[in-house]
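Here is how the chains run, residue by residue.
Number of protein chains: 8
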Amino acid sequence: MMKLTVYLAGEIHSNWREELKEKANKANLDLSFVGPQTNHDRSDDIGEAILGKQPEQVYRDDAASDINNFRTNVLMQKADIVIALFGEQYKQWNTAMDLSSAVTLNKPTILIRPESLIHPLKELSNKSNVTVETVDQALDVLKYVYE
Amino acid sequence: MMKLTVYLAGEIHSNWREELKEKANKANLDLSFVGPQTNHDRSDDIGEAILGKQPEQVYRDDAASDINNFRTNVLMQKADIVIALFGEQYKQWNTAMDLSSAVTLNKPTILIRPESLIHPLKELSNKSNVTVETVDQALDVLKYVYE
Amino acid sequence: MMKLTVYLAGEIHSNWREELKEKANKANLDLSFVGPQTNHDRSDDIGEAILGKQPEQVYRDDAASDINNFRTNVLMQKADIVIALFGEQYKQWNTAMDLSSAVTLNKPTILIRPESLIHPLKELSNKSNVTVETVDQALDVLKYVYE
Amino acid sequence: MMKLTVYLAGEIHSNWREELKEKANKANLDLSFVGPQTNHDRSDDIGEAILGKQPEQVYRDDAASDINNFRTNVLMQKADIVIALFGEQYKQWNTAMDLSSAVTLNKPTILIRPESLIHPLKELSNKSNVTVETVDQALDVLKYVYE
Amino acid sequence: MMKLTVYLAGEIHSNWREELKEKANKANLDLSFVGPQTNHDRSDDIGEAILGKQPEQVYRDDAASDINNFRTNVLMQKADIVIALFGEQYKQWNTAMDLSSAVTLNKPTILIRPESLIHPLKELSNKSNVTVETVDQALDVLKYVYE
Amino acid sequence: MMKLTVYLAGEIHSNWREELKEKANKANLDLSFVGPQTNHDRSDDIGEAILGKQPEQVYRDDAASDINNFRTNVLMQKADIVIALFGEQYKQWNTAMDLSSAVTLNKPTILIRPESLIHPLKELSNKSNVTVETVDQALDVLKYVYE
Amino acid sequence: MMKLTVYLAGEIHSNWREELKEKANKANLDLSFVGPQTNHDRSDDIGEAILGKQPEQVYRDDAASDINNFRTNVLMQKADIVIALFGEQYKQWNTAMDLSSAVTLNKPTILIRPESLIHPLKELSNKSNVTVETVDQALDVLKYVYE
Amino acid sequence: MMKLTVYLAGEIHSNWREELKEKANKANLDLSFVGPQTNHDRSDDIGEAILGKQPEQVYRDDAASDINNFRTNVLMQKADIVIALFGEQYKQWNTAMDLSSAVTLNKPTILIRPESLIHPLKELSNKSNVTVETVDQALDVLKYVYE
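Residue numbers (our numbering), protein chains in the order written: chain A, 18 to 164; chain B, 18 to 164; chain C, 18 to 164; chain D, 18 to 164; chain E, 18 to 164; chain F, 18 to 164; chain G, 18 to 164; chain H, 18 to 164.
One thing to keep in mind: the hints can contain errors.
Unchecked claim - Keeping only pairs whose Cα atoms sit at most 16 Å apart, straight-line, the calculated EDC-like set for lysine to aspartate or glutamate is:
#1 108/E to 105/H
#2 160/D to 28/D
#3 38/C to 153/C
#4 70/F to 150/B
#5 95/A to 62/G
#6 70/B to 73/D
#7 108/E to 65/H
#8 160/H to 47/G
#9 70/G to 73/E
#10 70/E to 39/F
#11 95/G to 153/H
#12 160/D to 28/H
#13 43/D to 150/D
#14 108/C to 73/D
Hints are computed from structural coordinates only; laboratory data are not their basis.
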């Protein structure tokens with residue numbers, strides 16, 4: 018069975034990654050999962066944690082994003098598939114950024130979004146290979162690759 | 018003077034594009050500007066206008082985004098520079114999508130965003146060449162290319 | 018107005034190219050059109066016409082396709098947009114080949130196909146930016162780029 | 018012995034894939050084979066199976082092709098070699114699409130086609146590395162890589 | 018009529034370039050031609066002419082090839098089409114180098130070679146779009162693009 | 018005569034760019050020249066000039082380099098040829114950065130360096146197409162393209 | 018745990034590579050490290066050691082850089098991450114060359130530089146993903162990828 | 018120790034490949050070697066052996082080169098390094114073709130050629146990373162990568 022690496026972009030305030038990993042594991046799919054730092058505080062603080070106290074919020078944010086973008090760059094280049102999940106809350110521009118970058122690099126992509134976000138996500142949905150509403154549907158798409 | 022084409026991604030509910038074009042014109046910069054359909058209703062309706070009535074909202078949106086993505090694809094490939102402006106309102110995932118796509122294609126990019134959006138846009142800002150707060154600052158950056 | 022070059026792939030037994038050019042001209046769109054050799058006999062004979070009589074049909078066909086592929090390669094690289102039209106008859110694997118090649122090169126694409134071909138063309142339709150049924154609809158999409 | 022992955026595009030109504038795999042296995046070639054969903058009904062139904070009932074045939078087909086294209090995209094990027102077989106029946110535009118995409122990506126390609134299809138496939142044949150008539154000949158080409 | 022630039026690689030001891038230019042001009046094709054330095058002595062001497070006397074032949078040759086490769090790199094990137102002519106004499110490895118480079122960059126290519134060189138040039142011929150024996154045949158292929 | 022654009026990277030404290038432009042002009046070469054901001058103070062100050070006072074030197078430098086890198090990115094993508102001149106003084110890591118970037122993008126390159134810098138620049142020299150010691154020699158190389 | 022290869026460009030007169038490897042090893046990170054020849058004399062002499070005595074210093078240097086660039090080319094293409102360290106001494110144009118090349122190839126990059134080099138390295142710092150001052154900080158960034 | 022794959026292009030009438038493999042093995046380098054079919058008769062006959070008797074020599078050669086080019090395409094894409102050896106005899110345009118293709122793809126390259134071929138190979142030598150005269154010197158370069 019072909020081994021594939023899946024980058025899980027998007028929402029970090031629910032446990033959808035754990036849910037997907039567990040179900041993929043139960044289905045015996047030979048997948049390994051990578052993704053962004055999901056501890057929100059750690060992600061926001063990583064710049065100052067490594068580079069030291071910054072003079073203002075904008076520099077603190079820039080320092081954190083240096084390192085978050087480095088991490089994403091490393092892991093994305095290893096990914097065979099990118100799945101991006103948008104939740105009902107938050108701006109989630111990082112999710113759009115990662116998904117758009119994956120599409121531009123011609124990586125196979127799955128977009129997961131609730132029905133309420135159909136309209137604002139229509140162009141991103143159109144560019145992605147597959148758009149679904151639930152984690153279970155995304156898992157079904159992954160299973161189909163191995164059929 | 019070198020002729021350059023600038024794609025203006027982002028917010029379509031204010032007149033920032035007109036403002037930028039007029040000021041660039043006054044400064045005698047040899048720039049031509051392209052961008053998305055800025056008539057919001059036209060943009061949302063273009064799918065059904067060309068392809069006919071769709072059975073549900075999700076298909077109506079998908080039909081429109083087919084054609085909007087075609088348009089963006091045509092114009093973006095002609096652009097030497099991409100400027101993306103985020104306003105205080107709306108999801109603006111298209112703006113993030115276009116900017117991220119431009120960055121991935123190694124096009125020179127300027128991000129314009131109000132101070133209030135520093136935090137949610139930090140990774141996109143970090144990936145862009147230059148981040149500014151106002152249209153006038155973006156114009157200053159364009160002028161600097163011709164100095 | 019931005020000048021764009023459009024490659025017209027597909028059916029060579031109807032006059033859809035002339036129709037499209039004429040209508041684009043009337044609409045004052047700054048488009049130039051290129052495409053395959055539309056004289057079917059000339060296209061089939063071009064190998065022997067230049068390289069001389071071949072020993073069997075398979076070599077005659079290969080000689081012709083050398084030169085047809087050269088022509089397509091030259092013109093496709095100049096194209097900003099690719100439109101492919103499938104008719105009700107013929108195998109039209111060249112049309113599929115050209116459209117798929119354009120999609121893979123990330124060129125903006127429009128697929129024109131009659132309702133009867135929805136099913137066999139579903140994956141190609143899904144990969145293209147826009148799918149329409151008539152030449153007039155394709156023209157509407159081109160007009161939209163200039164709005 | 019170098020391990021190679023071969024994508025088997027094309028006809029899904031005969032057992033040529035099984036035949037090729039078995040013979041490659043007997044010849045002790047270190048090849049692994051991937052390819053499209055070969056259960057025709059499953060392939061046509063996969064969109065509604067995962068995304069639910071669609072309002073019309075065109076949407077049902079588009080939903081299925083979303084997922085079939087995702088699958089192909091995942092497996093094609095892993096393939097070192099692409100073999101495409103055209104049979105005497107069916108439109109087989111997907112086969113042309115996959116082969117053309119492989120050629121454009123500079124993947125090594127073998128085209129298998131019956132004598133009766135020499136003429137309509139002449140340009141695709143010309144673009145592919147090797148054109149043969151039988152599965153046994155394709156196997157001979159694969160063996161030659163390991164000589 | 019579309020303007021195209023043609024790089025003329027290969028033999029520098031006959032006047033085939035002048036012949037081709039003249040005939041293309043008579044046929045009113047909108048072509049411009051570029052190519053290597055055709056003065057053999059100048060080509061061999063250009064390194065020392067600019068960089069000064071070198072200590073041995075191998076350094077003299079390396080100095081010349083620096084500048085010849087620079088020239089080819091500049092002109093080849095501007096070329097829409099590459100034509101390479103092999104004559105009966107000389108090693109002509111530069112010709113093979115330029116043609117192979119053009120093929121790898123996916124530039125449309127025409128190979129001109131006498132019948133006597135069919136065997137040693139068979140792989141290069143196979144990789145090129147079109148192989149012909151005479152300058153007139155190459156001109157016919159160019160004319161066909163404009164038909 | 019083919020029009021070419023030349024990016025002049027490197028030293029900004031001597032007038033070598035003016036010298037080269039003038040001599041190219043006298044030789045009637047159809048060249049246009051672009052390059053970095055050569056006013057050193059303006060280059061260092063451009064970040065604060067546009068974005069406002071920064072809290073510390075490191076942020077002031079980062080703001081300036083945002084805009085300098087944007088400028089270089091815009092102009093470098095337009096360049097057909099890159100010439101980089103190293104002087105006897107200064108670190109000149111920007112010069113190395115621009116030249117290495119041009120080499121990696123496969124742009125034709127000329128390196129100008131004094132004899133005293135042969136050893137520390139040996140790997141960059143080896144990667145460039147041509148290495149010379151004087152502006153006049155670089156001009157000779159440019160002239161050779163037009164011979 | 019994902020295995021990653023890290024290319025360590027830069028200073029060869031201190032033991033920072035050993036320090037980093039040892040600490041990465043203690044932290045159980047699944048990293049393998051590659052880099053340039055760190056024996057300075059060997060690096061300078063490698064050309065003559067293999068190719069024999071050269072007539073002058075400039076040819077001796079060119080012969081060495083042939084082989085050093087070959088080595089870097091082999092190892093850089095295997096690297097998932099590039100770390101470049103600048104010390105207080107030496108020109109270090111090779112370090113700038115390697116880092117710029119990695120950035121242009123879109124490899125994830127970390128720049129390590131002392132506070133004293135902030136100003137001359139500002140554009141390279143701006144292009145790199147992350148800039149730090151110490152080897153320990155670079156290690157922290159690597160650890161963050163595995164969190 | 019990093020595992021590397023080396024493609025050995027060039028001369029097939031001496032046993033230089035066996036010599037190199039044996040010496041690399043003795044030196045415990047973790048290299049695997051691939052290359053063209055070295056049985057000359059088999060290489061010339063492979064087209065007819067698989068595809069059947071062809072009507073003339075030119076078609077026999079074209080059939081063989083289809084399959085030889087397929088083989089090279091498969092193995093070259095797996096190669097981390099390309100070594101090309103030119104002998105004193107034969108046209109060896111395939112060797113020039115493979116080496117030029119490798120250079121264009123930015124693969125690290127070593128050219129082996131006798132002193133007598135310095136002049137006709139000067140441009141290819143200049144484009145390759147390293148040029149040596151003997152197999153032992155090429156082995157020394159490979160060893161240097163592992164130092």
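Status of the hints after comparison with the structure:
1. Among the hinted pairs, residue 108/E with residue 105/H is consistent with the structure: their alpha-carbon atoms are about 11 Å apart, no more than 16 Å.
2. For a cut-off of 16 Å, the pair hint linking residue 160/D to residue 28/D is broken: about 22 Å separates their Cα positions.
3. Restraint check for residue 38/C and residue 153/C: the C-alpha separation of about 11 Å stays at or below 16 Å, so the hint holds.
4. Simply put, residue 70/F and residue 150/B have alpha-carbon atoms about 14 Å apart, close enough for the 16 Å limit, and the pair holds.
5. Pair hint residue 95/A plus residue 62/G does not hold up; C-alpha atoms about 37 Å apart against a cutoff of 16 Å.
6. Between the alpha carbons of residue 70/B and residue 73/D the distance comes to roughly 13 Å, so the proposed pair stays at or under 16 Å and holds.
7. A C-alpha spacing of about 29 Å is found between residue 108/E and residue 65/H, which places the hinted pair above 16 Å, so the restraint is violated.
8. For the hint linking residue 160/H to residue 47/G, the alpha-carbon distance of about 25 Å lies beyond 16 Å, and the restraint is violated.
9. The suggested pairing of residue 70/G with residue 73/E holds, with an alpha-carbon distance near 13 Å, which does not exceed 16 Å.
10. Of the pairs offered as hints, the one joining residue 70/E and residue 39/F is violated, with about 28 Å between alpha carbons and a cut-off of 16 Å exceeded.
11. Between residue 95/G and residue 153/H, the direct Cα distance comes to roughly 25 Å. Violation of the 16 Å bound is thereby established for this hinted pair.
12. Pair hint residue 160/D plus residue 28/H does not hold up; C-alpha atoms about 22 Å apart against a cutoff of 16 Å.
13. The suggested pairing of residue 43/D with residue 150/D is violated, with an alpha-carbon distance near 21 Å, which exceeds 16 Å.
14. Pair hint residue 108/C plus residue 73/D does not hold up; C-alpha atoms about 26 Å apart against a cutoff of 16 Å.
Violated hints for the displayed structure, listed by number in ascending order: 2, 5, 7, 8, 10, 11, 12, 13 and 14.
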